[in-house]
Structures are given as structure tokens and as C-alpha cells.
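Engineer: These protein sequences, in sequence, are chains F and H. The first sequence lines up with residues 1 to 256 when you count with this note's numbering. The second sequence lines up with residues 1 to 482 when you count with this note's numbering.
Treat the hints with care, as some may be off.
Stated by the list, open to error - Facing chain H, a subset of chain F residues (Cβ under 8 Å, in silico):
#, residue
1, I11
2, E73
3, I90
4, P91
5, V93
6, A101
7, V106
If you're looking for bench data, these hints aren't it; they were derived computationally from the structure. We put the CB at the ideal spot given by N, CA and C, even for glycine.
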Amino acid sequence: MLTIKNLHASIGEKPILKGLDLSIKAGEVHAIMGPNGSGKSTLAQVLAGRENFHVDQGEASWLGQDLLAMPIEERARSGLFLAFQYPIEIPGVSNAYFLKAAVNAVRRHQGLSELDAMDFIKRVKSEMKAVGMREEFLYRSVNEGFSGGEKKRNEVLQMALLEPKLAILDETDSGLDIDALKAVADGVNRLRSPERALLVITHYQRLLDYIVPDFVHVLAGGRIVRSGGRELALELEERGYGWIESGDSAQAGAAA
Amino acid sequence: MSTATDKIDSYLGREYAPGFITEIESDTIPKGLSEDTIRLLSAKKNEPEFMLEWRLDAYRHWLTMPTPEWAKVDFPPVDFQDIIYYSAPKSKKDAPKSLDEVDPELLRTYEKLGVPLHERARLAGVAVDAVFDSVSVATTFRKQLAEVGVIFCSFSEAVKDHPDLVRKYLGSVVPPGDNFYAALNSAVFSDGSFVFIPKGVRCPMELSTYFRINAQDTGQFERTLIIAEEGASVSYLEGCTAPMRDENQLHAAVVELVALDDAKIKYSTVQNWYPGDKDGKGGIYNFVTKRGECRGARSRISWTQVETGSAITWKYPSVVLRGDDSVGEFYSVAVTNNYQQADTGSKMTHMGRNTRSTIISKGISAGRSSNVFRGLVRVTPKAEGARNYTQCDSLLIGKKCAAHTFPTIEAQNPSAQIEHEATTSRIGEDQLFYAMQRGLSAEDAVSMIVNGFCKEVFKELPMEFAVEAQNLLGVSLEGSIG
Chain F
1 MLTIKNLHAS IGEKPILKGL DLSIKAGEVH AIMGPNGSGK STLAQVLAGR ENFHVDQGEA
61 SWLGQDLLAM PIEERARSGL FLAFQYPIEI PGVSNAYFLK AAVNAVRRHQ GLSELDAMDF
121 IKRVKSEMKA VGMREEFLYR SVNEGFSGGE KKRNEVLQMA LLEPKLAILD ETDSGLDIDA
181 LKAVADGVNR LRSPERALLV ITHYQRLLDY IVPDFVHVLA GGRIVRSGGR ELALELEERG
241 YGWIESGDSA QAGAAA
Chain H
1 MSTATDKIDS YLGREYAPGF ITEIESDTIP KGLSEDTIRL LSAKKNEPEF MLEWRLDAYR
61 HWLTMPTPEW AKVDFPPVDF QDIIYYSAPK SKKDAPKSLD EVDPELLRTY EKLGVPLHER
121 ARLAGVAVDA VFDSVSVATT FRKQLAEVGV IFCSFSEAVK DHPDLVRKYL GSVVPPGDNF
181 YAALNSAVFS DGSFVFIPKG VRCPMELSTY FRINAQDTGQ FERTLIIAEE GASVSYLEGC
241 TAPMRDENQL HAAVVELVAL DDAKIKYSTV QNWYPGDKDG KGGIYNFVTK RGECRGARSR
301 ISWTQVETGS AITWKYPSVV LRGDDSVGEF YSVAVTNNYQ QADTGSKMTH MGRNTRSTII
361 SKGISAGRSS NVFRGLVRVT PKAEGARNYT QCDSLLIGKK CAAHTFPTIE AQNPSAQIEH
421 EATTSRIGED QLFYAMQRGL SAEDAVSMIV NGFCKEVFKE LPMEFAVEAQ NLLGVSLEGS
481 IG
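This is chain F alone, in the form it adopts within the complex:
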């Protein structure tokens, strides 16, 4: 589904990703862990097409296409979804309007007919129930005045509605209390399917108790320095990132 080879990316003059390799197949759940500043969020942003970052070299093949050559909205429409670490507020634009515009943009791309207001509302209401959002959030401005937990639920709601092929969750657990974390994780787990892959980016292993990954990668210094199964996350939890960073980097780049 997604194959990243030797990806180098920088912001301004500062290199952040320095030769990252990663391969994700349909149905897999990958977790990327790493210390602050290791490039986790940069990876998410580069994959989604954020312009602030410059790709210096490397390639990324997405569903047989050159991901890095695709415009932002084309990536989104083809099924790449990013759940933002800090969801953005758009004053004056109702959540309902925003969600409907997004759903229909994706549907048009897939050659499906656009949902009309009635069908859309029916659909969105049932999904909201599932992520535990009250209906009033449909009529409030996008993320404006939402609490941290409400914003993250709103991200999961969007993900559920857009039915992506690959969902990247960028520190979705940050700033959440345990109840909100569970709710969000439940929402994500419902979307797990053999056709859909997840890339879960997190600093703490806590989230991985709820969204259990198939593969865990440790990102440090802009490269994947270690890969393993679920147990790698637990080991990290116990020994800290210092263990990896000071350790040998023989496995660097040995992505799943």
C-alpha cells in the first residue's frame, strides 16, 4: 500500500528525516514511537503533503502512484487520512458543512454520487453516536471552542466518515484523559479492517494498550532505528528511549 524508501526531508535548512524506510500493507497496524524531535510528526506531515517541509530525496509509493508528486487534496481523496495532533479551528464554518464538503469531495473522486443533506445527516448522526459526540457539535464551528478530547473525537469522526485506506494518527493520545483516550481508541478500532491500514504515531506506549499494533518502529534522529512487534513498545516503556539512542544502530532502516 505504502512503501517509503530513503526519505529525507527538511524544514528550512534543518534536515529532520534522514533516510527513512517504511512499508505498510493493507490490514496492518504500525506504530511509530520515538523521543520528542525525532521526526515523528514531520513524517506524518510530509506524507500528507504539508508544504513547509521540503523533501530532499527518497521516494514514497502509494497505491502504485508517486505519493510525493500528488497534491494534498489528491492524497486525501485517494484515501490517505491524517488525524491531526492539533486539529485546526475554522470559525464560522459549521462542522456539518465541513464534513459534508469533505465526504462529497472524496465521493466525487471515487465516482460516487454526492450525498444529499438528508442522507448525510443520517450517516453522520450514527457515526457521531459511535464516537460519543453530541449532535450539537454538528452545528458548531469546526473545532472552535472544542475541548482537547472533543477535537480528537471530531478527528475520529472525520476518519470514520471518509473511510480512508490509510489513516495516520499523529499523537492522537496527547492531551487526553483516560476516558477520552478509550473512546478515541474504540473509534479507531472499529475502523480496523483487512482493507485498511493504520499508522499510529505516539510518544507513549499507553495508546498501544488500546490500539494494539502489529509492528512497532522506533524513530530516532530522523531514521527508523529499530523495528519489532508489540513487545518492543513495552520494552521501550520500561527502558526509555535512551536505551535505543545509545544502543547500536545495526538495525537501523530494517523496517517491517
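Position chain H against the provided structure of chain F, taking the given hints into account.
Structural biologist: Chain H only, in chain F's frame:
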């Protein structure tokens, strides 16, 4: 990699759609301004003597006035001798009595502009007065309106057919010597719309005037007067366009509104004068005085404006709250792009007791444009219990534009409650990225964000025009990011 910037730049293709020129024979007087010009103009319009005297008084006063320079706009001095003060499409008769007599070329022009001059047209609930250069060429639905006592006609006709009303109210809100451009307008105004809603009548349809400047080197000086008697109400809308020309053209209008006891006037403007090209060449100078007076108790005047056009916009729709418990409102969206300059805002003068006013202004600047909000809230000593709320938000698109806010508050009564809020924000690249990551195109994302920003104002517009305003906004901001 395609970016939001590229996307929007490539979208620049669409042009100023109303920018075409109508080929029509005109009756035009020579350039220049003098007492003779005014006499000629007045004679052409067969005006009664009082009108000519009124004009000449205004002209003599105007000669003594200096050109105002306080606005934050920059343009070379206007040569008032280089302007044509009267240009009218030639017609077989003096004034067409019905639509059938209107030159088909003119009807086609309005059709092309999407203005319904056929009474069974799409916007059947709207009566239109069409002003072409210096004259009104058609007014629709007059018969239906007359049945309920509403007078809706061109200003020239009002001067002839309703001289008493004109004499009583003309200049009663904006006196001829009010300011430089109002004085000029009073001297040379050529046409405009006249609306009179008698006591207790709710005007059964939206009234609207569509101003079109066509002839080259011509200034448009129109005069609008709307009177709502006790308990009457009316909703009125004006629209404006002009061809694309390299020379600047002057538009100096005066609008006066009078609301008696319990009357309501809602005045909406969608201003789309030619703004000049992307290098700032050409465009309309829009120097307009708009003022309403809540003369009666519990009366209400509401201005809603969407300003997307003109090279320079200079106008401050105002309300004088003379009647007790009267209400004044101003809702504005002003968009500037490329080299446009807008200095706009509102004045609320509280004189009666328990008067209330609201000012909501949304300024959007893009390109190298400058967008100024100027507000004055004045509470006179006798205005017990006056309240004002002002909110003034600026949205910047790109890094070369400017937004300024100059609010002034003069409260001479200690019971006054005045609130002012102002914000300035930039269309976030993060907002764009967020929306595009959900599959929206860059242009849809910008339009969505801007419309969200303007929502409080758009909801004040009549339905049909809210949609038009949103579309207009989309066109005005094309190519604005980068």
C-alpha cells in the same frame, strides 16, 4: 509538488465578468463643470426651477470647499474639468413609458448582468430600477407597487411627479454642504431612485436599483432617497458594475434614508464596480455618502454592504438615531485584492433616549491592497441609555496587504454603554492544509474559510443576494494567495 499557492494562482483565469461595454448611441454633454453645465443638465431633465436653484447653491458651496485628504487612500488629484457630467443612452422618446419602449440593447445589457428587467423573470419578487450612466432606463413592477401606495421611480420622475415630497426630504439627511463629494453630487446628480412607502405599508417586494456605468470618461452621480412613513417597512438593494477601462472613473453618490415612527428600512448593497486590473490600472473611484435618519421613535435603519469592487472605496453608511428607542445597524464585508484601497466603516450618532446601534465589520485584504475600517460612535448629552456594540474583524490573505482600524468613540452621556471588539487574523496556511487534507480543493477551502469569516454579515442579506455575494467573494479573491 502542487501547492495551495499554485492551485489558486492557476485559478486566476476568470475575469471580471461585468467588464463588457455596451455599444449604444449616447446623448453626451461636453466635459467640464461650470454653472452652465449645471443649467444644461437641469434643462435636459426639464427640471422645475427649485431644483436648478438647489443645484446651483450646492455648486457655489462646493467651489469653496477643499478636497478632503483625511482618508487613508492614495490617488492622484481628480481633474473635475475632465469628467463628463451627463451621458444618457439616446432613446426615441424622453423617457420610456414601459419596458417595451426600452432599447433592446439595454435590455440585453441587463440580462447579461443577470438583472431581471422582465417582470416575469426569475427573481419575480424583486422590483428593479435600472440606472445606466446618468439616467434611469427602466423601473419594473411600478403598477403593482402603486396599488399599495408605494412610489418607486427614478429620481428625475420624482422631481417632476412628486415635487413636494422631494422638496421636503431632499437634503434633509445629507445637506448639500455636508462634505466635498456630497456637495458635488448635489450640484450635478443626474438620476437615481426614489422610494416612498406610505404610513403603515409593508412594501410587498424587494426593491432594487442596479447602477451601471458604461460611457467612457463619465462620472456617475446618482441620488437615492428612501422615505418610510410611520409604521412602514421596506427592504432595498443596490448593485453596481462597470466595464473594464484603463482610466479611472468617478462615482460619487448620495443616499438618504428617512424612517419615521416605527418604520423600518433595510438597505443592502452589493458593490462590484470594476476594481482595476491586477497591476492597479483603471477602476472606479467610489466616493459615496450614505446616511439614514431614524427620525421617529422606535424606527430602525439597517445597512448591509458587501464591497468587492472599486479601485478606491470611500464610504461610511451612517445612522442618526434621533427618535427615542430607535435602532441603527451596520453590517459590512469589504474585500480588497491587488491594488484596491478601501476606507470604509460607519457612523452612529445617538441623540434619542435608549437608542441602540450595532456595527459589525469584516475586512478581508489580499494582494497588495489596503483595507481600513473607520468608525465613529457619538453619544450626545441627551441620549440617555444609549448602547453600541462594535465588532471589527480583519482577515489578511498573503503578506503584502494591510488592514487598519480607526475606531472613535465620543460619549457625552455617562449612561452610555459602548463595546468595541476587534480582531485581526491571517488565513492560516494550517486552515488551508487541514481542509485540503480532508479532500477539499484550495479554492473551495479559501472560499469556505472566507465565507465562514463573513457569516454574521451574509445572514443579514436577503436570500437571493446572499448567494450572489458569496459567489462574488469567490471571484474577488481569485489569485489572492501567494
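Engineer: Each hint should be assessed against the structure and marked as holding or not.
Structural biologist: Taking the hints in turn, this is what the structure says about them:
Proximity of F/I11 to chain H is violated relative to the hint, the smallest CB-CB distance being about 13 Å (cut-off 8 Å). At a threshold of 8 Å, the smallest CB-CB gap from F/E73 to chain H is about 5 Å, leaving the interface hint in force. Hint status for F/I90: holds, given a least beta-carbon distance of 6 Å to chain H, under 8 Å. Annotation: F/P91 was flagged as interfacial toward chain H, and the flag holds, the nearest CB pair being 6 Å apart, inside 8 Å.
The beta carbon of F/V93 comes within 4 Å of a beta carbon in chain H, closer than 8 Å, and the hint placing it at the interface holds. Among the interface hints, the one on F/A101 holds; its C-beta lies about 6 Å from the nearest C-beta in chain H, closer than the 8 Å criterion. Given hint, F/V106 at the interface with chain H, holds; its Cβ is 5 Å from that chain's nearest Cβ, closer than 8 Å.
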